[in-house]
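Engineer: Sequence order for the protein chains is A and R.
Just so you know, our numbering puts 153 at position 122 of the first sequence, and the rest follows in order with no gaps.
Just so you know, our numbering puts 98 at position 67 of the second sequence, and the rest follows in order with no gaps.
Errors might be hidden in some of the hints.
[Stated by the list, open to error] Derived lysine to aspartate or glutamate pairs resembling DMTMM-like cross-links, with alpha carbons at most 25 Å apart:
no., chain 1, residue 1, chain 2, residue 2
1, A, K178, R, D62
2, R, K178, A, D210
3, A, K178, R, D208
4, A, K54, A, E34
5, R, K153, R, D62
6, R, K178, A, E179
7, R, K178, A, E206
8, A, K54, R, D62
9, R, K153, A, D208
[Unchecked claim] FRET-style restraints, in silico, Cβ to Cβ:
no., chain 1, residue 1, chain 2, residue 2, range
10, R, G235, A, E152, 56 to 64 Å
11, A, D62, R, P177, 38 to 46 Å
12, R, P39, A, G109, 16 to 24 Å
[Said to hold, decoys possible] Covered stretches of chain A (chain R as the covering partner; in silico rule of three or more C-beta atoms under 8 Å from a C-beta of chain R):
no., stretch
13, 57 to 70
14, 80 to 93
15, 135 to 146
16, 165 to 175
17, 207 to 213
18, 243 to 253
Because the hints were derived from the structure by calculation, they are not lab data.
None of the values given here were measured: they were computed from a predicted structure.
Glycine is no exception: its CB is placed at the ideal position from the N, C-alpha and C atoms.
Protein chains: 2
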Amino acid sequence: MSEFTPTPRSRVRHLPRRARYDKATIYAILDAGLVAHVGFVDDSGGPVVIPVLYARRGDELIVHGARGGRLQQHLAAGHEVSVSVALVDGLVLAKSAFNQSVNYRSVVLFGRGRALTSPEEKLDALRVLTEHILPGQWAYVRPPTPKELNATGVVAITILEAAAKMRQGPPGDAEQDQDLPLWAGVLPTALAFGAPQPAAHARGPLPPHVQAFLARQPRLAAPRPHASDEEAAP
Amino acid sequence: MSEFTPTPRSRVRHLPRRARYDKATIYAILDAGLVAHVGFVDDSGGPVVIPVLYARRGDELIVHGARGGRLQQHLAAGHEVSVSVALVDGLVLAKSAFNQSVNYRSVVLFGRGRALTSPEEKLDALRVLTEHILPGQWAYVRPPTPKELNATGVVAITILEAAAKMRQGPPGDAEQDQDLPLWAGVLPTALAFGAPQPAAHARGPLPPHVQAFLARQPRLAAPRPHASDEEAAP
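Please work from the sequences and hints to get the whole structure.
Structural biologist: Structure representation (structure tokens):
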């Protein structure tokens, strides 16, 4: 199956032209994200949303946390969850208030958790999670001890339904606003990386896998000493 | 009231030293964010989480969308929602897999929506929302027509309970890992802005309020023409 079949809960109703249901699109967004917001219904019947680190493995999301934590327990019990991931790609400045927008890529999915219990399963899932955040880091660091592994709850959320929604491109001003004497356009954004900050107990240089990772990421410009001068510039 | 009183649903149980319940901290995080993930319980009793743009106004969050949209209807009906906002400040690279982490600032809150119905209420809320995203933009652009205002659903979510959770600083390696011959530290991250991309129908230069806004934001470094050379550098 390369496409999710939308149901009433996962079908995008508002601006359906921005919706996608194919796995290639949905999984590319999930693979580009770092934080997911997991929503569940608590014992009292109310909604709870919690931000977590995650990684995708096939048709599952891997989520870890303290064993016995509320979200871990809920997921381990196999209850349903909804998960939202959103990446902001730019502010879209139109000539009318109505057409202000944001460029983004987002996924809303529905799934069901299961606890990973054997040390082998947990190790593999933690490897996927660590490698998603920084490729090469799992092999570089000291692996978990049995005690650490035991303290860590790891769940896999099977993705049952999912929809992506996205917007890209310039502002969509109405015909009658096109010639207003105003600037319009996009302020592109990205999660960018600054200069690495070694810890006091760091030994040796920045390892090659971290250098290679940073070379692939958007980077932060060095802070400008006289930002106020630049602000006044034309 | 300058502090929220945690209840069982809003009290941070895991790593409680990272939790804050004071409004100053919680509201500063909400004011720094752009996208909130709103969770609710749908008619079938299942969880749904949807990403939205938002702004804080006093003890409320303002959220807009197509009138008649699912989230707008749910919020307008006064049902309870949970809202999650998370800002990633850096990857925390420890010497053990167990201590890998992320620096972040997050808020999980619980609230109840109400529809804003009069044109005056809606206009004021949309002004707050637009100004949160880009200060100065509301006065710069063409205001909404009565027809546009009528098509826009605007709700205010009263914040009833909230908790912030955050992590800052270097990796927390255990005593016995301190001297492992490995690099450890933080890769700082921020949502950064690239060079403005004028639309084909832009008229005139980048206006002063956009220049001033960009001068206050983290900026993207210019893309490097030979990233692969740099990757190979020491």
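Engineer: Indicate, hint by hint, whether the structure satisfies it.
Structural biologist: We went through each hint and held it up to the structure:
1. A:K178 <-> R:D62: 40 Å, violated
2. R:K178 <-> A:D210: 21 Å, holds
3. A:K178 <-> R:D208: 15 Å, holds
4. A:K54 <-> A:E34: Answer holds: K54 (chain A) to E34 (chain A) is near 5 Å, not above 25 Å.
5. R:K153 <-> R:D62: 20 Å, holds
6. R:K178 <-> A:E179: Outside the cut-off at roughly 59 Å; violated.
7. R:K178 <-> A:E206: Given pair K178 (chain R), E206 (chain A) holds - Cα atoms ~16 Å apart, limit 25 Å.
8. A:K54 <-> R:D62: Given pair K54 (chain A), D62 (chain R) is violated - Cα atoms ~34 Å apart, limit 25 Å.
9. R:K153 <-> A:D208: 22 Å, holds
10. R:G235 <-> A:E152: 56 to 64 Å: 60 Å, holds
11. A:D62 <-> R:P177: 38 to 46 Å: Since D62 (chain A) and P177 (chain R) have Cβ atoms about 44 Å apart, the given range 38 to 46 Å holds.
12. R:P39 <-> A:G109: 16 to 24 Å: 22 Å, holds
13. 57 to 70: holds (count 5)
14. 80 to 93: It holds: at least three residues are needed, and the stretch 80 to 93 of chain A offers 4 whose Cβ sits within less than 8 Å of chain R.
15. 135 to 146: holds (count 4)
16. 165 to 175: holds (count 8)
17. 207 to 213: That given contact holds, which follows from 6 residues of the stretch 207 to 213 of chain A lying within Cβ reach (below 8 Å) of chain R.
18. 243 to 253: holds (count 9)
Comparing the model with each earlier hint shows violations of hints 1, 6 and 8; every other hint is respected.
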